[in-house]
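*Asks:* With chain A fixed as given, assemble chain B onto it according to the hints.
There are 2 protein chains.
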Amino acid sequence: MTSPFTLHARSSRCPARCGEVKTLHGTILTPVFMPVGTQATVKGVTPENLLDIGAQIILANTYHLFLRPVHELIRGFGCLHRFMNWHGPILTDSGGFQIYSLKELARITEEGAAFKSHLDGSSLFLSPEDAVAVQEALGSDIMMCLDTCIPYPASRDEAEKATALTARWAKRCRAAQHQTGQLLFGIVQGGMYPDLRARSVLDMTEIGFDGYALGGLSVGEPTELMYDMTGRTAELLPAAFPKYVMGVGTPEDLVECVMRGIDMFDCVMPTRNARNGMLFTSRGRLVIKNACYYNDARPVDENCTCYTCRNYSRAYLRHLYMAREIMASQLNTIHNLHYFVHLMADMRRAIGADRFEIFRKEFYDMREQQLPPG
Amino acid sequence: MTSPFTLHARSSRCPARCGEVKTLHGTILTPVFMPVGTQATVKGVTPENLLDIGAQIILANTYHLFLRPVHELIRGFGCLHRFMNWHGPILTDSGGFQIYSLKELARITEEGAAFKSHLDGSSLFLSPEDAVAVQEALGSDIMMCLDTCIPYPASRDEAEKATALTARWAKRCRAAQHQTGQLLFGIVQGGMYPDLRARSVLDMTEIGFDGYALGGLSVGEPTELMYDMTGRTAELLPAAFPKYVMGVGTPEDLVECVMRGIDMFDCVMPTRNARNGMLFTSRGRLVIKNACYYNDARPVDENCTCYTCRNYSRAYLRHLYMAREIMASQLNTIHNLHYFVHLMADMRRAIGADRFEIFRKEFYDMREQQLPPG
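Those protein sequences? They're chains A and B, same order as listed. Going by the numbering used here, the residue at position 98 of the first sequence is 100; the numbering climbs one at a time, nothing skipped. Going by the numbering used here, the residue at position 280 of the second sequence is 282; the numbering climbs one at a time, nothing skipped.
Next up, chain A with everything else stripped away, as it sits in the complex (with noise of 0.2 Å):
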């Protein structure tokens, strides 16, 4: 089994490390943060935006994509990524974690998920094989194993079975997948449990994938508990693989996480809570529709080089989203997954420097916020 990763450099005092993932569309340097792309657009921005902020690669969801459904569409276009004019690498899940999402809406056999869509409610159904399928048809460079995503708190009898089921899964993924150069990644599950998590890293690697995701952290769980879960897992992962943690997270989350070995994060936060007036800064969140910036002149951020802190000022990003304009979540979105991108850059600075250890205490010095045990 070759890998994807090449290692270019890792902390002698943690198991932060940093390199580079090849793909069909060319090769992303990692620690790296994926702005997603829930329905073949990253709301508020273009593709040029991506490029400019620094994204290296996007994620689409194939739960949203399958329901409308434009990887039918996609076949005719050749790829998602001529579709929606972004030429870089695109990882797409399985629709797992969406179909999990939809609680009583789904039901979960040995065959595979029969859900409800919560667009028309017409009934469909995703089988492990239907995933890679459709996943095939969108051309993604980094495709998923369907996956059943185990609740927060789970006993230990449902947890196990999720667990188990998610290999026979995983199994019949890597079965369906034709010779197309794409990517399969395994998802690790397991719940809470130590020694479940440990079982499945066994169950995924056994298969045999071009890399591993750790699935079912951030699912309302403390975040000492994703830490750990996140630190114990990734430390019985192959190091000659990718390591992505799916779903995760806050900018703490990523440094936390890159220091416990991850490579690989996606999450939604920086562009939805863009869209909710929630700015990231070096000195914390900054919630623009406060009335103390009415008159406020300065930049969101004033270390950040984004185009939105570059060119606007807080009074105009306040005054755009108390007038409910677009134009708050364009320049809000930019802002924040520049902050997400740069922050990984910087962390692979580190990393490479040997200077990691010395980042995170500068990270969490800079907004005044105690260091996490660890």
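Treat the hints loosely; a few may be bogus.
Which copy is meant is left open, so a pair is good if it fits within one copy or across any two.
Below 35 Å or equal to it, Euclidean Cα-Cα: the simulated DSBU-like pairs (lysine-lysine) are [what the hints assert, rightly or not]:
id : residue 1 : residue 2
1  : K291      : K105
2  : K118      : K291
3  : K363      : K105
4  : K291      : K45
5  : K105      : K118
Simulated from the structure, these hints should not be mistaken for lab results. As the structure is a prediction and not an experimental result, all values here were calculated from the model.
*Replies:* Relative to the frame of chain A, chain B by itself:
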């Protein structure tokens, strides 16, 4: 009275003309279409998008900025240009038309317009002097006099009174103006009564302005009547000054009014219709949600060179629109504004080459639509 207008060429067969208008933030080539940026942003597009489209000047609405109140904020920023990061010319309207649109929420007296904010119901008052003061605070390149718009239909008595009041207000606006270098345009009213329009032209030219606008058109009257009133009024206005029809119009309206000697236009149609999925093309209108575009790989307009048409298919635009994505508004707005702005550039070239009549015939031939009489 020196004029900011310089004539470049005029048609040998009709009043169509091309030239330029000098303003504080640059010279604009006419005939020109001004995208509307109601609340200090042209909805869905960045200033860089506007430059890329070829927009030369934008319009901002005094009423909306007065309400928030952005003009108070702007005093700390220097000018609206800096606040919104648009460094080209800006025309501000006076608020008169928006107040007219409030109907029973507004009361017009000799002193000015009392009205209730559509945002919070608060009682506000705008005199002609206030309208100038607000526009001076905004620092726009072209200010408009406060006027009283006349509904259609209106009795002769009603039209006469409103036209006379508009004249008295115009005098007060001119008197209230400081030496800021900002241009001030008078607005010709008169309803659909040619002699009242003529009277209003006399009133305005007697006061003397940097340019003259035709107000109270496109308020519900038949299109032919609007064209007729535009032609009759335009020919009475002094040729040395810019002529502007406010709030007009469709691509057909632009062609017809340019033929009648108009230099400047603004309208929310390209931007508003874009957000509603209606796209303008050289062959007519296209409603992007229609099922026939589901897998249509062609651009919106095969004759168009805009960012949207260069990079995206009708199928993708339909997908974005159906999925209610922000990007739908962005891409559709870029296309529609590009269409309007380039239609004006085409007309300037045609007039310069004294082939406007041929241009007009081709414009209608392309859309397989009959030439209107005139």
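*Asks:* Now, for every hint given, state plainly whether the structure supports it.
*Replies:* Status of each hint after checking the structure:
no., hint, in the structure
1, K291 - K105, "both (34 Å within a copy, 31 Å between copies)"
2, K118 - K291, "between (37 Å within a copy, 24 Å between copies)"
3, K363 - K105, "neither (40 Å within a copy, 61 Å between copies)"
4, K291 - K45, "both (20 Å within a copy, 19 Å between copies)"
5, K105 - K118, "within (10 Å within a copy, 47 Å between copies)"
In summary, the one numbered hint that this structure violates is 3.
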